[in-house]
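Chemist: The opening residue of the sequence shown carries number 1 in our numbering; numbering runs sequentially from there.
Hint data in this document are derived by calculation from the structure and do not stem from the laboratory. Just so we're clear, the structure is a prediction, and the values are computed from it rather than from any experiment. A hint or two may mislead.
[As the list claims (entries may be wrong)] Calculated cross-link-like contacts (lysine to any residue; reagent style SDA-like; alpha-carbon spacing at most 25 Å):
1) Lys22 to Lys235
2) Lys93 to Glu132
3) Lys129 to Leu214
4) Lys93 to Leu214
5) Lys62 to Phe115
6) Lys22 to Ser224
7) Lys35 to Asn51
8) Lys212 to Ser231
9) Lys161 to Ser70
10) Lys239 to Thr173
11) Lys88 to Asn51
12) Lys71 to Asn41
13) Lys113 to Lys129
14) Lys151 to Ile217
15) Lys48 to Tyr19
16) Lys212 to Glu196
17) Lys28 to Gly79
18) Lys113 to Ile176
19) Lys129 to Glu25
20) Lys159 to Pro288
21) Lys48 to Glu25
22) Lys239 to Phe255
23) Lys280 to Ser215
24) Lys156 to Lys93
25) Lys4 to Ser18
26) Lys93 to Ile40
27) Lys93 to Gly37
28) Lys62 to Leu46
29) Lys235 to Phe251
30) Lys161 to Glu248
31) Lys161 to Asn94
32) Lys88 to Ser70
33) Lys247 to Trp234
34) Lys4 to Arg66
35) Lys4 to Arg139
36) Lys239 to Asp202
37) Lys88 to Lys22
38) Lys28 to Asp44
39) Lys161 to Leu214
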Amino acid sequence: MFIKLKRGDHINIIAPSSYIDKEDELKKGIDILNKWGLKINQSDYLLKRSNYFAGDDMTRFKALVRAQNSKLIIFAKGGWGSARLLEKNPSWKNGLMLGFSDTCSLLLSKYAKGFLGSIHGPMVTTLSKEPEWSQRRLRNLLFEGYVEDIKGIPLKSGKVKGELIVSNLTIATFLIGTEHFPNIRGKILIFEDINEDIYKIDRMLTYLRMTKILSLIAGIGFGSFSNEKCSPEWKDKLKILVIERLKEFDFPILFDLPIGHIHGNACIPIGYEATLNGDKGILSINIPSN
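Please model the entire structure based on the sequences and the hints provided.
Modeler: And the structure:
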């Protein structure tokens with residue numbers, strides 16, 4: 001069951017990772033949420049700074065715990081620091097939790113522990129930069145419980161169904177072997193990342209091969225691995241790498257999905273059945289009606 005929001009609902013904004021250095025982007029994001037009719041419970045530590053974090057680990061952890069009764073937790077920004085909170089073993093509940101990038105560690109942990117509600121998508125400080133279609137998509141998901149199909153570039157044909165897991169590649173790789181990494185047997189994986197050299201992406205894909213994880217999944221997709229300034233030559237190198245590292249596996253592959261550190265970061269609910277169509281380049285998600 002997907003927990004839908006309604007106008008007047010109270011939601012929580014917390015910053016589990018790096019400190020907020022652009023308050024204007026935070027305010028613009030809050031303004032959008034207010035226009036949607038949501039009431040903001042804003043953590044009193046939100047603008048604090050401890051080293052390169054938004055407060056020390058215990059402060060950020062307590063904010064995460066206090067927010068668990070909220071119908072929606074939306075993260076302020078990424079950076080680094082979310083995984084440090086997992087060392088304190090947070091207790092999850094079935095409310096919605098929205099973020100991407102570094103905060104994928106929390107999204108994956110929640111799903112791994114058997115709770116739905118994790119959504120890979122825009123955070124407060126990125127929301128105002130999203131194009132109209134992406135903001136509308138997020139609002140439709142939160143209030144109506146549905147999302148439209150998204151399209152990518154087919155790299156390998158085939159059509160599969162499975163529960164959908166979306167994550168930053170670096171974050172997911174470093175959770176493997178912990179209790180916070182989900183069971184991926186029969187699942188569809190979608191990865192995104194930012195500012196990683198091709199050889200580092202190669203290293204992570206090689207590690208995934210060696211863990212045998214790729215032999216368990218139903219299909220795989222790749223979102224953005226750079227920002228809009230990425231050169232076509234770099235993207236071609238990434239495509240060649242993905243084909244070379246994954247060609248032996250018998251599953252469909254999509255490339256260049258509109259997911260990640262781009263202005264057009266399509267929100268994706270984690271844990272719901274999806275269909276990855278490697279013939280037509282379409283990813284569709286089935287969210288059961290309540």
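Chemist: Find the hints from earlier in the document that the structure breaks and name them by number, from lowest to highest.
Modeler: Violated hints (numbers, rising): 1, 2, 3, 4, 7, 8, 9, 13, 24, 25, 37; every other hint is consistent with the structure.
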